[in-house]
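So the protein lines, in turn, are chains A and B.
Take the first sequence: its letter number 378 is residue 378 in our numbering, and every next letter is one higher.
Take the second sequence: its letter number 254 is residue 254 in our numbering, and every next letter is one higher.
Any given hint might turn out to be false.
Below, in silico cross-link-like pairs of lysine to any residue (SDA-like), each with a Cα-Cα straight-line distance of 25 Å or less [unchecked claim]:
hint, chain 1, residue 1, chain 2, residue 2
1, A, 220, B, 164
2, A, 447, B, 183
3, A, 174, B, 183
4, A, 220, B, 167
5, A, 318, A, 384
6, A, 393, A, 310
7, A, 274, B, 181
8, A, 447, B, 84
9, A, 263, A, 463
10, A, 220, B, 174
11, B, 156, A, 127
12, B, 156, A, 312
13, A, 424, B, 281
14, A, 220, B, 172
15, A, 220, A, 206
16, A, 447, B, 172
17, B, 156, A, 448
18, A, 318, B, 173
19, B, 156, A, 322
20, A, 220, A, 235
21, B, 156, A, 76
22, B, 156, A, 126
23, A, 220, B, 173
24, A, 447, B, 265
25, A, 447, B, 181
26, A, 424, B, 62
27, A, 447, B, 270
28, B, 96, A, 446
29, A, 424, B, 86
30, B, 88, A, 274
31, B, 156, A, 300
32, A, 424, B, 67
33, A, 318, B, 153
34, A, 174, B, 64
35, A, 447, B, 182
36, A, 447, B, 88
37, B, 88, A, 467
38, A, 424, B, 167
39, B, 88, A, 454
40, B, 156, A, 284
Worth flagging that the hints you see were computed from the coordinates, not collected in a lab.
Residues per chain, in single letters:
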Amino acid sequence: MSDSKSSFTRRNVLRGALFTAAAVPFGLASCATGGGGGDDDETTDGGDESSAPADASNPFGIEEGSNVETVIFNGGYGVDYVEFATAIFNEMWGGEATVEPTTEITAALQPRFVAGDPPDLIDNSGAQSMGFGAILEQIEDLTDVVDAPNLEGTTIRDTLIAPNVLDSGVYDGKLAAINYVLTVYGVWYSKSLFDANGWTAPTTWAEALELGAAAQEQGKFLFAWGKEAATYYQTLAIDSAIKQGGDEVRLALENLEEGCWSKDAVQAVFTAMKEIVDAGYVKPGGSGTFFTDAQAQWSLDQDALLYPSGSWIENEMKDNTADDFQMMGVPSFVVDDSSALPAAALHSEAGEPFIVPSDAANVAGGKEILRIMLSNEAATNFAKTKLAPTVIKDTVPADGFGSTALVSQVDMLGAAGSDTFTHKFVGLYGLNQAQLVVWNAFLDGSKSVEELTSDLQAITDEARNTQEVIPVS
Amino acid sequence: MTTPVTGAGAPRSRSGTRARRKARWSFDNISFFLVFLGLPLALFLLLVIWPFIQAVFYSFTDWGGFSQEFEIIGFANYERLVNDATFKTALGNNIKLAIVVPFAVIVIAMIFATLVTVGGRGIGQTVGVKNSGFYRVVSFFPYVIPAVVAGVIFTKVFDPSNGLLNGLLPAGLRQNWLGQVSTALPASMFVIIWGAVGFYMLLFIAAIKAIPAETFEAARLDGAGRLRTMWSVTIPSIRENIQTAWIYLGIAALDAFVFMHILNNSGGPDNSTLVMPQYLFRLAFAQSQFGYASAVGVAMAVVTLVFAGLVFAINRLTGGSTRSN
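Produce the entire structure from the sequences given, and follow the hints as far as they go.
Quick look at the structure:
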C-alpha cells in the first residue's frame, strides 16, 4: 500500500518535472535549422578574404598557403585520384588540401549545409548523395572553372571530350556540378562467347528477341537481373525510347510531364521487352537475387548473354568475371530503322559530380582543385589507374591500357560523335527506390505493359505534385 | 491535560522537520540529485524529448533538409499521409509484423524455456530436459549475430538460384523466397523471429527460475501434466514478463528497419516488405522531403504508443494485474 503510494508520488513528481523542462526549450530558438542563423554574412566575408589578384596562373585568386577541405565519395573509383590532385595543389600553393573519404555523403554533409559550414569541394556521388534540387541554391556556378586555363595552359572548355559533356551537371541553366568521370551506358556482352557461337550483338529489339531464342537453345538466357538493380532495365528502356522518339521523349520524361510514359516510343520499347519476358528469355528469380550475384550469373557463370549497365560494370565484376571474357558493349537498342537518333547514338553521362558550396570557407581553393583535376596530367592518371575515361579528351591510348571494355567505350563514343544524350530525372527526384518495385515485378512477368506504364506514371506524377520541378530543355 | 501534551509534542515535531530539511539540502543530497536525477533528465530532454519536439514541428513544414528555408504548411503533410497508398502499405506490413512476430517469438521462446527448465523427467526434482545447458547456449547464438549480418546471411540462404534453402528443398518446393509477394514477408518474418527467440527464451528462463519449485511439485502431485503445468502454473506466474516481452517485440516489429532494409532494400516485391521506417528513410534521404518524413515519423510514434496501450488493455481485460514492478 505504502509502496504503491510512494511510487505514484515519485512518478507525479517526475512527470511534473518533465513537463516543466520540456516547455523550457520552446523559449530557446535553437533547433536543427536555427544553429547557423547569422552565418551568411560571415561566409561571404570568408570568400572575399581570398581575393588575391586573379591571372592565368591563378584564375580564382587563391591565397598562398590556404587550406582546402574536400569530402569525396569513396565508391568504385576510390579517392586516390583526388589525392593525386591535392598533392599537386599542396606543392603549388603551399597550403594543405585534405581529402575526407565517405560513402554517406548526405548524412555527413546535411548538417553542415544547414549550419552554413560546408567543405570546399564535394564529390556528391553514390546511393546516399544529396539531391541536387535540395542544394541547388547553395552551390557555385562552375562556369568559370571550365573557362579557366588548365595547368598546361589550354582553356579547359577546349579539352572536353564533347562540347555537351558537362550538360549532366546543368540544373536550371546553372553549371552546378562538374561531372568528372565519363560513364557509357549500353548493353554488355562477352566477345569470346559471342565469337565462339557465331552470334553478333543486337542493335534492335527484334534482333535481341532472335538472340534470345538462340540462347534458349543452349539452355542460356538473354538477360539476368538483380533486385537492387532492376532499374538498369529502366535505363535501357528509356535510352531506347529516346533513341527511337528523340528529344521529345527525353524532355517529356525529364520534365515529369503527364502521360510521358505513354509516348509511342516508350510503349514500343515496353512491348518489345514484355515479349522477351513472356518468351522466358529473362533468367527467373531476379527479384529475389542480390544484384552482384545476378551480375555474376552473367559475367562468371555466363547463364545470361547480355547485361544492361553503365561502364562501371567491368570494374565492379573484375573478380567475378570468367577468364578471357573480353567484355564489350553495344549502345542501347533502337526499336526499328525509323528511329529519330541513329543506332550508334549513345547514352553517355559524366558522373561523379563535384560541387563547390557557396558558403564554403575557401571557394577559390575548391575550384582550384577542380582545375587541377581537369588538367591533362591528373585526367590521364585517372584513366590509367581506373580504366575509365574522364570528360577530358585524349587521355586513353589505343590499347586502352589493356582493357577491351575501355577500348569499346572509346569506340562507341567515337561512333556516336555528337549523338550523345543523358537523362537524370530518376536521380534528381529520388525515384529509383519506388521504380525498383515496379521493375522487379515487370521483369518477373507479373506486370503487364499497361500496369508498368501506369505505375511508373503514378511515381512521376507524385514527384511532380510533391517536389519542385526543375525544368529541362 | 491536553494542552501540555500538544505543547510538548509540537516543538518536537518542528525540530524533527527542521532536522529532515537540513539533511535534504546537504551537499551529499544535492550532488546525488544532480548526478542521478538532473544529469540523466537533462540528457533525456536534450537527446530524446527535444528532437522529438523538433520532429513534430518539422512535420508541419515543407523543409527540404539542406537549407534554413522552409514554410509552415499546417496539416498538409498529414493530409498527404492519409491519402498516401505507399504509406498505408508500409503501415499494413508493420501491423502484420507486430501481430505475427511477437506471437511467434513468445510461443517458441516459451516452449524452449519450459523445456530447458521444467520439461525434464516427470519424477523427482523439477529439472529441464537432458543437456538443457547446451541447448540454452546454442539457442542464444542467433541473438549474438548482429541484425545486419543475419540479414546478409539470409539473403544468400534465400537466393533463388544458388541459395542454401532451395538447394536443400526438392525441385517442386523451390521458391523465389524474397522475390515474390506470397513469400517475401513470411521469409523476412522468419529471419526476425530466428534472431529474437534466443534472447526471449533467456528472459523466460530467468522468470521461470524465480517461481518456487514447490509450486511445480504441488501441481505435479495433483496430477498435472507438462502442458497443463505450463498453461496453469508457468504462464500465470510470469505474466508480467510476457507482457514486457510482447511490448518490446511489438516495438521492434514496428521498426524492423535493419532486417527489412538488408533483406529487401527497395521494399520487396510490390512493396510487400516495405516498413514505415524504410519509407521515412527514402523520403528524407533519397527525396529530400524532411518535412513529410517527419510527419511519417510522428505517425510511427503514434502507432507505437497505440500498440503499447493495446497490449496493456488486453492484459488488463484478460485479468492480469496492472501493478508495475
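Checked hints:
1. Between residue 220 of chain A and residue 164 of chain B, the direct Cα distance comes to roughly 22 Å. Compliance with the 25 Å bound is thereby established for this hinted pair.
2. As the CA atoms of residue 447 of chain A and residue 183 of chain B are separated by approximately 18 Å, the hinted pair is consistent with the 25 Å bound.
3. Straight-line distance between C-alpha atoms of residue 174 of chain A and residue 183 of chain B comes to about 48 Å, which puts the hinted pair past the 25 Å bound.
4. With a C-alpha separation of about 20 Å, the suggested pairing of residue 220 of chain A with residue 167 of chain B holds against the 25 Å cut-off.
5. A hinted pair counts as satisfied when its Cα atoms are at most 25 Å apart, and residue 318 of chain A with residue 384 of chain A qualifies at roughly 16 Å.
6. For the given pair, residue 393 of chain A sits about 19 Å from residue 310 of chain A by alpha-carbon distance, which is consistent with the 25 Å threshold.
7. Distance check on the hinted pair: residue 274 of chain A and residue 181 of chain B sit about 20 Å apart at the alpha-carbon level, within 25 Å; holds.
8. This hinted pair checks out: residue 447 of chain A and residue 84 of chain B have alpha carbons roughly 22 Å apart, not beyond 25 Å.
9. A C-alpha spacing of about 19 Å is found between residue 263 of chain A and residue 463 of chain A, which places the hinted pair at or below 25 Å, so the restraint holds.
10. For the given pair, residue 220 of chain A sits about 20 Å from residue 174 of chain B by alpha-carbon distance, which is consistent with the 25 Å threshold.
11. For the given pair, residue 156 of chain B sits about 22 Å from residue 127 of chain A by alpha-carbon distance, which is consistent with the 25 Å threshold.
12. A hinted pair counts as satisfied when its Cα atoms are at most 25 Å apart, and residue 156 of chain B with residue 312 of chain A qualifies at roughly 24 Å.
13. A hinted pair counts as satisfied when its Cα atoms are at most 25 Å apart, and residue 424 of chain A with residue 281 of chain B qualifies at roughly 21 Å.
14. This hinted pair checks out: residue 220 of chain A and residue 172 of chain B have alpha carbons roughly 21 Å apart, not beyond 25 Å.
15. For the given pair, residue 220 of chain A sits about 18 Å from residue 206 of chain A by alpha-carbon distance, which is consistent with the 25 Å threshold.
16. For the suggested pair residue 447 of chain A and residue 172 of chain B, the alpha carbons sit about 24 Å apart, so the restraint of at most 25 Å is met.
17. Straight-line distance between C-alpha atoms of residue 156 of chain B and residue 448 of chain A comes to about 29 Å, which puts the hinted pair past the 25 Å bound.
18. Restraint check for residue 318 of chain A and residue 173 of chain B: the C-alpha separation of about 35 Å exceeds 25 Å, so the hint is violated.
19. Between residue 156 of chain B and residue 322 of chain A the CA atoms are separated by roughly 21 Å; this keeps the pair inside 25 Å, and the hint holds.
20. Annotation: proposed proximity of residue 220 of chain A to residue 235 of chain A holds, straight-line Cα distance about 23 Å (limit 25 Å).
21. Restraint check: the Cα-Cα separation between residue 156 of chain B and residue 76 of chain A comes to about 23 Å, which is no more than 25 Å; the hinted pair holds.
22. A C-alpha spacing of about 24 Å is found between residue 156 of chain B and residue 126 of chain A, which places the hinted pair at or below 25 Å, so the restraint holds.
23. Restraint check: the Cα-Cα separation between residue 220 of chain A and residue 173 of chain B comes to about 23 Å, which is no more than 25 Å; the hinted pair holds.
24. About 20 Å separates the Cα atoms of residue 447 of chain A and residue 265 of chain B, which keeps this hinted pair within 25 Å; it holds.
25. Of the pairs offered as hints, the one joining residue 447 of chain A and residue 181 of chain B holds, with about 13 Å between alpha carbons and a cut-off of 25 Å not exceeded.
26. Taking the CA atoms of residue 424 of chain A and residue 62 of chain B, the gap is about 23 Å. The hint holds against a cut of 25 Å.
27. Restraint check: the Cα-Cα separation between residue 447 of chain A and residue 270 of chain B comes to about 10 Å, which is no more than 25 Å; the hinted pair holds.
28. At most 25 Å may separate the alpha-carbon atoms for a hinted pair to count; residue 96 of chain B and residue 446 of chain A meet this at roughly 24 Å.
29. Proximity of residue 424 of chain A to residue 86 of chain B is assessed by CA-CA distance (about 24 Å); at most 25 Å being required, the pair is judged to hold.
30. At most 25 Å may separate the alpha-carbon atoms for a hinted pair to count; residue 88 of chain B and residue 274 of chain A exceed this at roughly 30 Å.
31. Our distance criterion of 25 Å between C-alpha atoms is met by residue 156 of chain B and residue 300 of chain A, whose separation comes to about 17 Å.
32. For the suggested pair residue 424 of chain A and residue 67 of chain B, the alpha carbons sit about 22 Å apart, so the restraint of at most 25 Å is met.
33. A C-alpha spacing of about 23 Å is found between residue 318 of chain A and residue 153 of chain B, which places the hinted pair at or below 25 Å, so the restraint holds.
34. With a C-alpha separation of about 20 Å, the suggested pairing of residue 174 of chain A with residue 64 of chain B holds against the 25 Å cut-off.
35. Restraint check: the Cα-Cα separation between residue 447 of chain A and residue 182 of chain B comes to about 15 Å, which is no more than 25 Å; the hinted pair holds.
36. Between residue 447 of chain A and residue 88 of chain B, the direct Cα distance comes to roughly 21 Å. Compliance with the 25 Å bound is thereby established for this hinted pair.
37. Between residue 88 of chain B and residue 467 of chain A the alpha-carbon distance is near 20 Å, which keeps this suggested pair within the 25 Å criterion.
38. Pair hint residue 424 of chain A plus residue 167 of chain B does not hold up; C-alpha atoms about 41 Å apart against a cutoff of 25 Å.
39. In summary, the hint linking residue 88 of chain B to residue 454 of chain A is supported, as the alpha carbons are separated by about 19 Å, within the 25 Å threshold.
40. Straight-line distance between C-alpha atoms of residue 156 of chain B and residue 284 of chain A comes to about 16 Å, which keeps the hinted pair within the 25 Å bound.
Going through the hint list in order, the structure does not satisfy hints 3, 17, 18, 30, 38.
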